[in-house]
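Numbering of the sequence shown is given in our numbering, commencing with residue 1041 and proceeding in unit increments.
Read the hints as simulated data drawn from the structure, not as lab findings.
Treat the hints with caution; some may be incorrect.
30 Å max Cα-Cα, derived DSS-like pairs, lysine-lysine [claimed, not checked]:
#1 K1101 to K1229
#2 K1133 to K1202
#3 K1202 to K1105
#4 K1066 to K1284
#5 K1133 to K1246
#6 K1066 to K1100
#7 K1105 to K1268
#8 K1229 to K1100
#9 K1129 to K1116
#10 K1063 to K1073
#11 K1119 to K1063
#12 K1064 to K1119
#13 K1119 to K1108
#14 K1100 to K1207
#15 K1168 to K1216
#16 K1105 to K1066
#17 K1105 to K1116
#18 K1063 to K1229
#19 K1169 to K1192
#20 K1100 to K1216
#21 K1105 to K1073
#22 K1101 to K1169
#23 K1133 to K1119
#24 K1133 to K1192
#25 K1105 to K1117
#26 K1129 to K1100
#27 K1268 to K1119
#28 K1202 to K1169
#29 K1119 to K1105
#30 K1101 to K1268
#31 K1100 to K1117
#32 K1180 to K1284
#33 K1284 to K1207
#34 K1101 to K1210
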Amino acid sequence: MSKKAADDHTDPRMARPVIIHDKKTKRYLTLQKLDTFLIDGCEVNFPPPNNVSLFASIAKKEMLKARKIYNSLISKKTKNKREIYITDKNITKLYDYLEHIQSSIIAIYTAIESFSNIAIPNDYTMRKKNQKGIEEIWDKSAIERWYTTSDKISEVLPSILKTDSPKEMKGWNIFKELENIRNEIIHQKTITKKRQDEIDSSFMSKLLQERIFENIDAGFTLISFFCKHDISHSFFPLGFSEAKLEPIEMDDMREDFEQIV
1041 MSKKAADDHT DPRMARPVII HDKKTKRYLT LQKLDTFLID GCEVNFPPPN NVSLFASIAK
1101 KEMLKARKIY NSLISKKTKN KREIYITDKN ITKLYDYLEH IQSSIIAIYT AIESFSNIAI
1161 PNDYTMRKKN QKGIEEIWDK SAIERWYTTS DKISEVLPSI LKTDSPKEMK GWNIFKELEN
1221 IRNEIIHQKT ITKKRQDEID SSFMSKLLQE RIFENIDAGF TLISFFCKHD ISHSFFPLGF
1281 SEAKLEPIEM DDMREDFEQI V
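Given these sequences and hints, build the entire structure.
Set out below in structure tokens:
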């Protein structure tokens, strides 16, 4: 397959390939991992996607759908008006908007959660003093389980990748708003009004503000922030920065790979 044909068939959601430098033949080879699954007796093989990329792609698609409805239904109708009623067929459009915008919020936050975990090496440990002043050793599994996503992003990843904390970014507070809205969506609560329990849907007002699109964009910016600091990380998604593939050096790759005829 020609390079152009290969490029035409490359999906940016795909996991990064591996470059092998065979010292014996002085050749460089690009290899793409294949995942194999047995489905109803059939062996299914395909190059695995990067899951961060999948969720980021969902977030982008859903945000674009939400933006289209927002411009025609909310932004246009509320301009220069003190009150409007959304009724009849526009109710369906409004509910479609709420589906798309909430899907986008949940997807981009899930992408960030996934990113914060894959960026931590399996052998990584950190030392931290607890409230009693006793030093504890935290391994990857403990960090994944007990650290919040914000803390992993703002404290753990900068230590691993040798970067500044994204807390210094101008958009950090906008991301924190996204996190709070996501939590309100996922963990919707009830409230008591006039001695009656009601579902708390106050977060809906945030979904109807145009700022919500800035909140979602802040999630993409956060992933890009780290990708730009390590363009060769084999687990990082494509499309958020320049990408560099570091070759794996092998004296004679025939000794490590089964020859396929």
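Tested hints:
Restraint check for K1101 and K1229: the C-alpha separation of about 28 Å stays at or below 30 Å, so the hint holds. Distance check on the hinted pair: K1133 and K1202 sit about 46 Å apart at the alpha-carbon level, beyond 30 Å; violated. Taking the CA atoms of K1202 and K1105, the gap is near 37 Å; set against the 30 Å cutoff, the hint is violated. Simply put, K1066 and K1284 have alpha-carbon atoms about 20 Å apart, close enough for the 30 Å limit, and the pair holds.
Distance hint between K1133 and K1246 is fulfilled; the C-alpha atoms sit about 18 Å from each other, no more than 30 Å. A C-alpha spacing of about 42 Å is found between K1066 and K1100, which places the hinted pair above 30 Å, so the restraint is violated. Taking the CA atoms of K1105 and K1268, the gap is about 28 Å. The hint holds against a cut of 30 Å. For the hint pairing K1229 with K1100, the CA-to-CA distance comes to about 28 Å; that is within 30 Å, so the pair holds.
Our distance criterion of 30 Å between C-alpha atoms is met by K1129 and K1116, whose separation comes to about 16 Å. For the hint linking K1063 to K1073, the alpha-carbon distance of about 21 Å falls within 30 Å, and the restraint holds. Distance restraint check for K1119 and K1063: the Cα-Cα separation of roughly 66 Å exceeds the 30 Å cut-off, and the hinted pair is therefore not satisfied. Only pairs whose Cα atoms come within 30 Å are accepted, and K1064 paired with K1119 is rejected, the gap being roughly 69 Å.
Restraint check: the Cα-Cα separation between K1119 and K1108 comes to about 16 Å, which is no more than 30 Å; the hinted pair holds. Restraint check: the Cα-Cα separation between K1100 and K1207 comes to about 24 Å, which is no more than 30 Å; the hinted pair holds. Straight-line distance between C-alpha atoms of K1168 and K1216 comes to about 24 Å, which keeps the hinted pair within the 30 Å bound. The suggested pairing of K1105 with K1066 is violated, with an alpha-carbon distance near 49 Å, which exceeds 30 Å.
With a C-alpha separation of about 16 Å, the suggested pair K1105 and K1116 falls inside the 30 Å cut-off, and the hint holds. Note on K1063 and K1229: the hinted pairing is violated, with a Cα-Cα distance of about 61 Å set against a maximum of 30 Å. A distance of roughly 17 Å separates the Cα atoms of K1169 and K1192; the hinted pair therefore holds under the 30 Å criterion. A C-alpha spacing of about 19 Å is found between K1100 and K1216, which places the hinted pair at or below 30 Å, so the restraint holds.
Proposed proximity of K1105 and K1073 is contradicted: the alpha carbons are some 33 Å apart, above 30 Å. For the given pair, K1101 sits about 43 Å from K1169 by alpha-carbon distance, which is inconsistent with the 30 Å threshold. Of the supplied pair hints, the one linking K1133 and K1119 holds, its CA atoms being roughly 18 Å apart against a limit of 30 Å. For the hint pairing K1133 with K1192, the CA-to-CA distance comes to about 37 Å; that exceeds 30 Å, so the pair is violated.
Our distance criterion of 30 Å between C-alpha atoms is met by K1105 and K1117, whose separation comes to about 18 Å. Under the criterion of a C-alpha separation no larger than 30 Å, the hint pairing K1129 with K1100 is consistent with the structure, at around 26 Å. For the hint pairing K1268 with K1119, the CA-to-CA distance comes to about 39 Å; that exceeds 30 Å, so the pair is violated. Restraint check for K1202 and K1169: satisfied, since their Cα atoms lie roughly 21 Å apart, inside the 30 Å limit.
Only pairs whose Cα atoms come within 30 Å are accepted, and K1119 paired with K1105 is accepted, the gap being roughly 21 Å. Simply put, K1101 and K1268 have alpha-carbon atoms about 23 Å apart, close enough for the 30 Å limit, and the pair holds. With a C-alpha separation of about 25 Å, the suggested pair K1100 and K1117 falls inside the 30 Å cut-off, and the hint holds. Among the hinted pairs, K1180 with K1284 is consistent with the structure: their alpha-carbon atoms are about 26 Å apart, no more than 30 Å.
Restraint check: the Cα-Cα separation between K1284 and K1207 comes to about 26 Å, which is no more than 30 Å; the hinted pair holds. Of the supplied pair hints, the one linking K1101 and K1210 holds, its CA atoms being roughly 25 Å apart against a limit of 30 Å.
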